[in-house]
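Chain A is already provided as a structure; the job is to place chain B on it using the hints.
Chains A and B, in that order, are what the protein sequence lines are.
One point on numbering: in this note's numbering, the residue at position 16 of the first sequence is 16, and numbering is uninterrupted.
Just so we're on the same page, this note's numbering is the position in the second sequence counted from 1, plus 98.
Note that these hints are calculated values from the structure, not bench results.
Everything numeric in this text was worked out from a predicted model, so none of it was measured.
Just so you know, even glycine gets a beta-carbon here, dropped at the ideal spot from N, CA and C.
One thing to keep in mind: the hints can contain errors.
Said to hold, decoys possible - Result set (PhoX-like, lysine-lysine): computed pairs, CA atoms no more than 20 Å apart in a straight line:
#, chain 1, residue 1, chain 2, residue 2
1, B, Lys193, A, Lys97
2, B, Lys152, B, Lys127
3, B, Lys473, A, Lys97
4, A, Lys97, B, Lys462
5, A, Lys65, B, Lys433
6, B, Lys498, A, Lys97
7, A, Lys68, B, Lys473
8, A, Lys68, B, Lys228
9, B, Lys362, B, Lys238
10, B, Lys473, B, Lys343
11, B, Lys473, B, Lys433
12, B, Lys300, A, Lys97
13, A, Lys17, A, Lys65
14, B, Lys338, B, Lys433
As the list claims (entries may be wrong) - A partial selection of chain A residues facing chain B, derived with a Cβ cut-off under 10 Å:
#, residue
15, Thr2
16, Ala28
17, Ser31
18, Val49
19, Leu64
20, Lys65
21, Tyr72
22, Gly73
What the hints assert, rightly or not - Computed footprint of chain B on chain A, listed as stretches where at least three residues anywhere in the stretch have a Cβ under 8 Å from a Cβ of chain B:
#, segment
23, 16-27
24, 51-62
25, 76-88
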Amino acid sequence: MTTRVEIVNDFLAINVKEGSTIQDIVEASGSALPFGCRDGECGTCVVEVESGMEFLSPKTDKELKVMKEICYGTCTPNSRLSCQMKIAKPNGLVRLKY
Amino acid sequence: MSNAIKISQNVYYIGVSDADIRTFDIIMKTANGTTYNAYLIKTEEGVIILDTVKEEFQEEFFSKVESLCSYDDVKYIVMHHLEPDHSGALPELTKRAPQAKVFISPMAQPMLKSIGKRDSMEFETVWTNKELKLGSKTLKFLSTPNLHWPETMSSYLVENKILFSGDVFGSHYYDSRIFDDLVGDFDYAFKYYYDHIMRPFKTDVLNALRLYEPLEIDIIANLHGPIIRHDPSKYLNLYKKWSSKDEKLHGKKVVSIFYVTSYKNTKEMAQSIFDGIEANESLIANIYDLTALDESNMISILEESTGIIVGSPTINGDVPKPVWNLLSCMMLIEKRGKFGGCFGSYGWSGEAVEMMNSRLKSLKFRVPLQPMKIKLIPTQKELLDCYEYGFEFGEVVNGKMMEMTL
Numbered sequence: 001m002t003t004r005v006e007i008v009n010d011f012l013a014i015n016v017k018e019g020s021t022i023q024d025i026v027e028a029s030g031s032a033l034p035f036g037c038r039d040g041e042c043g044t045c046v047v048e049v050e051s052g053m054e055f056l057s058p059k060t061d062k063e064l065k066v067m068k069e070i071c072y073g074t075c076t077p078n079s080r081l082s083c084q085m086k087i088a089k090p091n092g093l094v095r096l097k098y
Numbered sequence: 099m100s101n102a103i104k105i106s107q108n109v110y111y112i113g114v115s116d117a118d119i120r121t122f123d124i125i126m127k128t129a130n131g132t133t134y135n136a137y138l139i140k141t142e143e144g145v146i147i148l149d150t151v152k153e154e155f156q157e158e159f160f161s162k163v164e165s166l167c168s169y170d171d172v173k174y175i176v177m178h179h180l181e182p183d184h185s186g187a188l189p190e191l192t193k194r195a196p197q198a199k200v201f202i203s204p205m206a207q208p209m210l211k212s213i214g215k216r217d218s219m220e221f222e223t224v225w226t227n228k229e230l231k232l233g234s235k236t237l238k239f240l241s242t243p244n245l246h247w248p249e250t251m252s253s254y255l256v257e258n259k260i261l262f263s264g265d266v267f268g269s270h271y272y273d274s275r276i277f278d279d280l281v282g283d284f285d286y287a288f289k290y291y292y293d294h295i296m297r298p299f300k301t302d303v304l305n306a307l308r309l310y311e312p313l314e315i316d317i318i319a320n321l322h323g324p325i326i327r328h329d330p331s332k333y334l335n336l337y338k339k340w341s342s343k344d345e346k347l348h349g350k351k352v353v354s355i356f357y358v359t360s361y362k363n364t365k366e367m368a369q370s371i372f373d374g375i376e377a378n379e380s381l382i383a384n385i386y387d388l389t390a391l392d393e394s395n396m397i398s399i400l401e402e403s404t405g406i407i408v409g410s411p412t413i414n415g416d417v418p419k420p421v422w423n424l425l426s427c428m429m430l431i432e433k434r435g436k437f438g439g440c441f442g443s444y445g446w447s448g449e450a451v452e453m454m455n456s457r458l459k460s461l462k463f464r465v466p467l468q469p470m471k472i473k474l475i476p477t478q479k480e481l482l483d484c485y486e487y488g489f490e491f492g493e494v495v496n497g498k499m500m501e502m503t504l
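So here's chain A without its partners, still in its complex pose (with noise of 0.2 Å):
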């Protein structure tokens, strides 16, 4: 019952537990995935979920003011920020890009 996170710029495939945090994954796994405040008020962890958007946790408060300002002009409707996020559902597949 687990869900498969890939985070494609990195080549990994992580087979996770719902509740999981993507901040967990990234540094258990040796994703070279950067993070900066890791409290979603910097942006830095920005990435775009390729697929998968449904086997996520909703887009917090931070992550809405963050895309609106810091990331104006340079995200999508499927960016997230990876600090903020964790895995909600079981037997899916997300795919992240950074």
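Chain B only, in chain A's frame:
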């Protein structure tokens, strides 16, 4: 002390010169000194000040402000960059003009209290497409992070076609004539500045250029060195050329192995790893003895390599200096998208390999494999393990997905 200089209709240079500085930010030599550029825009409804100067030069900065307006006239202060060479006079300026609102990027917010040396300061955060209108002037803000701190931004004065670029397009080059067409040749300083400040953030440079390119730019008003008013497009094109990345050489990704060796044990490991990488025909493997490699060549090789593998024995429980030279010059390149690995022969405790591995991880190289450590003279079996390490490393660089379960 010089006077404020008009650079366009109602726009003035109020920066200062630091002609005698010979080292900047620890890492840069400044044979020609530098300048801390700042600007003032006059409108019918008040004044906008763009950036300040290093604190020790603030009296000259204030005398230039006073020659153009009273502090009561100052409505807004725009801080494109909060590094102390540009924000040094901000605390005093906000004392003298307490009514002025400070504009910063959202990422500058956590820095403002410390830099501004005040508990409270009226400020507003701005980003791309937000604009400030005052009198007949329109200043459009542009988010240009990491050039050269995370909080840096630019702005564009619509009516005068001036790009206030922050540190972008700067040079550490003092010349009293201040405009590029009067200064003459400062190309070496322009490239040197790019190499040290912008090169590690090429992706961010390209993002900034995408914001700049649609603008009609007559003047680039930067924060260091000559103001650019003769053919600004030349400088945009240089930044584009230097920041454009080619991930392949001769149509193939490059993996470079750097090593030092005392008794040829680490060298033998390097050769087997090389052979393993070379087994993949879509990669180019290179191998370098660090004791005979200049830093400028190290940087060039690091830049062209997608994979970087570093090998060293352990000497006195440490990594020997030629390897630290390589590891330290990595601060000058962009690490995004690069893979790293480490190996080494050791006699006793073998700390060097872990130190190198830790350094690569800290720099955000993707480090896909456990490092290879071999005690003293490698056996044939151990050299075969090195070959397998090289082969697997090459496969990952070439796009092989690594599976894991957490």
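Starting from the hint list further up, note which numbers the structure goes against and sort them upward.
-> 1, 3, 5, 7, 9, 10, 11, 13, 18, 19, 24, 25
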